[in-house]
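Could you slot chain P onto chain D? The hints should help.
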Amino acid sequence: MLTENELKWQALAQEFADSVLERDRAGLEQPGAARRLMPELGAAGLIGTLLPAEYGGAGLSLVHNTVIQEVLSGSAPSLAAMRAVSAVFVPVPLMQFGTDAQKARWLPGIAAGESTSAIAFTEPDAGSDLGGMTTTATPATSGYTLNGHKWYISGSTEADFILVYAVTAPDAPIESRLSAFLVPTSLPGVDAATGIETMGMRGLSHAQVRFRDVHLSRDDLLGEIGQGYEIVNYGLAPERIDIAARAVGCAHRAYREALRYAGQRRQFGRPIRKFQAVSHRLADMCTTVSASRLLVLQAARQFDAGEPCQREAAMAKLHAANEGFKVCDDAMQILGALGYTKEIYPVELLFRDIRVLRMGGGTDEIMRHIIQREEYLALGEL
Amino acid sequence: MSGLPVDLPGGSDLRAFRAEVRDWLAQNLPAELKVPYLRDPTGASGAELEKRLRWQSILHAGGWAAVHWPAEYGGRDVGMLEHAVFLAECAAARAPEPANVIGLSMVGPTLIEHGTVGQLALLPPILSGEQMWCQLYSEPEAGSDLGMIRTHGTRVAGGWSVSGQKVWCSWAAVADRGMLLARTAAGRLDGLTCFLIDMHAPGVRVRPMRQISGDEHFCEVFLDEVQVLEDQVVGAPGAGWAVATTTLTHERTTAIFARHGATVDAAELLLTLLGRGSVADVLCDRAAKLWTDAQLLRLSAYRGLSELGTGDLPAALYLQRLAWGVANKAIFDLAADITSEPSVRDEVSAGELAAWQKLFLASQGWTIGGGTSEIQRNMLASRVLRMARA
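Those protein sequences? They're chains D and P, same order as listed. For what it's worth, my numbering labels the leading residue of the first sequence as 48, then goes sequentially. For what it's worth, my numbering labels the leading residue of the second sequence as 615, then goes sequentially.
Please note: incorrect hints may appear among the correct ones.
Computed list of lysine-lysine pairs in DSS-like fashion (alpha-carbon distance at most 27 Å, straight line) [what the hints assert, rightly or not]:
{"id": "1", "chain 1": "P", "residue 1": "Lys903", "chain 2": "P", "residue 2": "Lys943"}
{"id": "2", "chain 1": "P", "residue 1": "Lys903", "chain 2": "P", "residue 2": "Lys972"}
{"id": "3", "chain 1": "D", "residue 1": "Lys373", "chain 2": "D", "residue 2": "Lys389"}
{"id": "4", "chain 1": "P", "residue 1": "Lys943", "chain 2": "D", "residue 2": "Lys389"}
{"id": "5", "chain 1": "P", "residue 1": "Lys943", "chain 2": "D", "residue 2": "Lys373"}
{"id": "6", "chain 1": "P", "residue 1": "Lys972", "chain 2": "P", "residue 2": "Lys665"}
{"id": "7", "chain 1": "D", "residue 1": "Lys373", "chain 2": "P", "residue 2": "Lys903"}
{"id": "8", "chain 1": "D", "residue 1": "Lys389", "chain 2": "P", "residue 2": "Lys972"}
{"id": "9", "chain 1": "P", "residue 1": "Lys648", "chain 2": "P", "residue 2": "Lys943"}
{"id": "10", "chain 1": "P", "residue 1": "Lys972", "chain 2": "P", "residue 2": "Lys943"}
{"id": "11", "chain 1": "P", "residue 1": "Lys648", "chain 2": "P", "residue 2": "Lys972"}
{"id": "12", "chain 1": "D", "residue 1": "Lys321", "chain 2": "D", "residue 2": "Lys373"}
{"id": "13", "chain 1": "P", "residue 1": "Lys972", "chain 2": "D", "residue 2": "Lys373"}
{"id": "14", "chain 1": "P", "residue 1": "Lys665", "chain 2": "P", "residue 2": "Lys648"}
Keep in mind the hints are simulated off the structure, nothing from the lab.
Next up, chain D with everything else stripped away, as it sits in the complex (with noise of 0.2 Å):
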């Protein structure tokens, strides 16, 4: 199922893990945990991977970005949410976009893990909804002016840029009504310090961003103007393919705690997992886990083989973050207290970090929409 060079890059990232993640696991859910982590994951080779080697990158695919994903997810989710922005959601519109300025200016940083950014159209009244953004950029001499409120922008605190969507042309129609920039977050104006208190996913920040006459150069402009509905759009699917497979790593790592403990946990006489209410629980875990990861992978080869993948994407998300939760209620149940506390296992931990992805990149329903759009387009009966 993964090349010889796929696995190569797994057992890479597995090797950080087990060196790396697992010394302090305690310490992955303290304020900046991840980004202080991204040095050593640049320095490993393991973030830059998309990019082409003249901006520090590895030049390869996005299935070798999803086994490395899983595999760091399933140790320290929050370092892996840092991680996709600096791996995937900035870079593959940066380099589809930017100009050869641009790259050079913000790609070997995040790529040695020596800079990260963050990506910011979530607003109060804009999640599902883009055209609910307020965000505005107006002309200004030499540039533009941005003011705006957005919020549950994720490691926006640490960041060094943030890839900020804003309505450019308030009365023209989605396609055309937004524009995309890479903001320098030590711009005067620029206020990403007030911090959104989180179930999961604490190891890095989650905060409101507020811009407040912004001024930014017209380099700091991505593509053109007007350009940001299909840049949003150009990104979204390898961005749920990577929520999928972090999903996938959370749920496999839960369902292989709960395998172990199954094993060795002994009442009445005998281990648990010679219950048949366990061991059936086990079999459904790791199948649906399965079927997660195939899910992902599907997705991941047609986009790198150039593919129309919205639905692949659409439906490699709902499965693993969806199905992939209940795993992870699922060895919760199995660890009994010991899954509830923090003590011992990573599985609460687990369970709070992959419930996110149900939402974040775009909520089930909206996946579920997606999916039946894409068929009925696909019918010629849209």
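Then chain P, alone, in the frame of chain D:
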């Protein structure tokens, strides 16, 4: 929760009792002690614990701290039906649970049934809340299977020396005393003895354990040659399992009745969440189903009460613990989805959002603690469906 939804046996006497409870609550429950609609009924610390202690002292002063105990021990001699109605009315009035819930609902009834005259002297401070209790049954190797208990009691001059480790002990961090099961003879369930432990005695060490919700509502308890006098054995040495059965049966049936009010409230609040923004139809669908499930949970509990006789517990009461855990997990999981909708999130305060999130996490333990869902299903299969064990 207005009106009794079914005709319960007991007729006018029960109605009169219910009215008496309502009147008393209306006059004696201070507004500042009322619990919020969104609440975790399974544990408390800090300010919440103080409220529960204060409420218990009010209950005690009014003679309502343990209605199900015999009058001679400070109770009101009511049966299970009246006890359930009392708990339901307290929940409807949004009264907190009394702090010494383990003492009142588990230890007290156990001592009344099995205790010596000297041990019955422990009942008044349980009632007043002056002595807080915890239960010390589970161990790292003995969760669902208490036959695996390894904490051992060895005879010494004047009593016993108890050593071992207990885990998942709710309230141990604030308890003065504990009811403990230890092995005093070889065997499984037949080699156990029930001891009353002074939690402040030399050799007792309590370590709170942090849960997924961030709370520390239960603890590990380490016992290193803790000296226990002979008169602190409940029942006979080796008869601990019979004692424990009394405690566990109560924990898994009537005690859960007090929590149905919180479940119904949470389901109602789900519906109000829907009205605060623009929410996908499928989420509305799920909310409607869960609201219905919460009502059915409450109605089935009353149905079980209406079938109470002198024999085995009705089936409807056996499934309460199981259904409660499953229903609550689903409610708070849906709340997580609804509150992730931007239009709703904008209308929800940070405090309310934090309350929903915390309950989502806390509810994951409600299909585990007090008997896992799997154990509950085993009990249903064997005691209600009369299915033979494999």
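Mind listing which of the numbered hints don't hold for this structure, in increasing order? none
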